[in-house]
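Position chain B relative to chain A; hints supplied.
Chains as they are written, first to last, in my numbering: chain A, 1 to 358; chain B, 1 to 295.
The hints are simulated quantities; they were obtained by calculation from the structure and are not laboratory data.
EDC-like mimics (lysine to aspartate or glutamate), calculated; alpha carbons at most 20 Å apart, straight line: (1) B:190 to A:205; (2) B:206 to A:152; (3) B:190 to A:94; (4) B:206 to A:117; (5) B:206 to A:147; (6) B:206 to A:140; (7) B:288 to A:173; (8) B:209 to A:152; (9) B:209 to A:140; (10) B:209 to A:117; (11) B:288 to A:179; (12) B:206 to A:114; (13) B:288 to A:140; (14) B:206 to A:112.
A few chain B residues that face chain A, going by a derived Cβ cut-off under 8 Å, partial list only: (15) 191; (16) 192; (17) 194; (18) 195; (19) 197; (20) 198; (21) 213; (22) 214; (23) 289.
Beta carbons are placed, not taken as given, at the ideal position from N, Cα and C, and that holds for glycine.
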Amino acid sequence: MGTACRSTGVQHMTSNNASIEIRDLYKIFGKSPARYVEAVRAGMTKAELSKAHGQILGLNNINISMPAGKIQVVMGLSGSGKSTLIRHINRLIEPTSGSIMIDGRDVLDMSELELREFRRNHTAMVFQRFGLLPHRTVIDNVTFGLEVRGVEAAKSRDTAMRWIDRVGLSGFETRYPNELSGGMQQRVGLARALSNNASILLMDEAYSALDPLIRTDMQTMLLELQTELKKTIVFITHDLDEALRLGDQIVILRDGSIIQQGDSQDILLRPADDYIERFVKDVNRGRFIKVDAVMEPPPQSDGRSLPKLKSGLTLETAAKELTNSSFDSAYVTGDGGQPLGLISLRQITAALSSGSAA
Amino acid sequence: MDWLFKFPQLDPEFLLAVKRAIDGALKALTRGYGQSIEDFFYPLQRVLIFFENTISNAPWPLVVIAIAVIAWFAARRWTVVAAVIGTLIAIGLLGLWQDAMKTISLVFTSTLFAIAIGIPLGILMNRYRRLGGVMQTVLDVMQTMPPFVYLIPVVMLLGIGRVPGFIAVVIYAIPPIIRLTDLGIRLVDKEVLEAADAYGCSRSQKLWKVQIPLAMPTIMAGINQTIMMALGMVVIASMIGVQGLGLNVLQAIANQYFTQGIFNGFAIVGIAIIFDRISQAYGHRLQKHRGAAHD
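Pulled out of the complex, with its shape left as it was, chain A reads as follows (with noise of 0.2 Å):
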């Protein structure tokens, strides 16, 4: 089939510059959503338009852009709108209004066919109840978006042979999904969508059906994934832990709006409203703030000699090794060694146990 020589083609595309513009993105759930848009950009919430319409305001005025290559977390409580999101993406649901533009395409503009092509190629999805096909052995199931698009059976075997064994599930692959751990099964689903080589990687909370343990060992191997892959991965959770852990980029939303947009280290040490700062205040600060974050610029000549700690390093490491020299600053430095600012016990102190450090 002619889709075969396709992907083939995709799979020299690996590193990518997928990035996502998503604009104006609004989603009204109703009869006739389309006449409500102009009410909700003039300002009526989310309980007005239940209230007097009977339609329900899904995405509110969404603005993002996500970087190629990153992980960007969507973070919010069930109900934010979160899911929705997502789903905008790979246009599993149609918007009411907005534009998302990827690699130069509004997706929001495809045809039925490009839609289709651009999901068998460029996204591939990771379901939060895995969303494994029962009556397939884990292979077949891995295989399955290579099938689709019509790759030749023996060469999507090797490709799902080597999925497998990344996720660490070599052994299992005759099994049905119903004889495997929630853990494995995820594990198959993700097995799934990287097979498809695609260079966006949507996970709609993907671990949350996940026991605490296995889940943290899940977002580590995402993490070291990602590290060689370099995928645009859009990330669900309702979890701040886990949304701090793996954002490049985070943006919290609640009731269809976005309330905040930033990096880890903006959301702990500038909360935009009470809201995020009740997500916050639960947190273990000390193992998520940066000491770059906390430190103040390096004093011009000094002749003091500091320790030195490196950029990037979290306050609980930075805490533990200051408090072993018997100094009670240090001096932050970059790859090179060169300073790039001062950092004392007292400055971490603060940070770690304030809800607004800077």
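Frame of chain A, contents of chain B only:
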């Protein structure tokens, strides 16, 4: 006060005229096109006779072995195979072998036909909502209509014999397979369907790779019900000249042969059990990997 106790009915003359008009039209149709209708169904008649002859004229041990093999492949359990063989032997010992073969042959062909028409109809019903609504109503009527009523137009058009019997059986037995195909597809897990969409399945890929395989246990339940209804109708269809065990029962009723009635009745039950066990066991085997063992 007479009007209170006698329900006001349409003018008897008028009713009579209506009945005459409809019956007359049907009779005219039969007279005018009877031959072409019969010609149209002639190939079907050949198929039915072929099946019946094949199974009736085959050496009995071969038939027993063939059915036992089918039972083994469907159920993979020796108990089922043993029960099937035992039942067949018992039927043979009662002297009902030939009649039983005729009944089995007709049930088999009509079920195959019902499946071949019913599954595509179920798929269509699922895909097009409006058609589905109309078909629900039609199926409701079909399932509540007393089975004897089906016999009348079929006999008028085609006379008595195998073909009209076959058609009546198919019409009577087809609703469950249509309904359960539709239901099975509707019950497929939403997230699995979403996964199929997310990986870019076309409509037909989604249907054949996801929906039908996942609906299969439910469809098998439909096939099972269709078989049972076909078996029931084959007995009733003896009234329009379908041969087999049903005809013996009919004779027994007319002549009050109690024992003949009981023997044939048991033979029908035996055949029902064979069909039921085989199709159910197959359905169960399909379901083996579908349960969510870990949630």
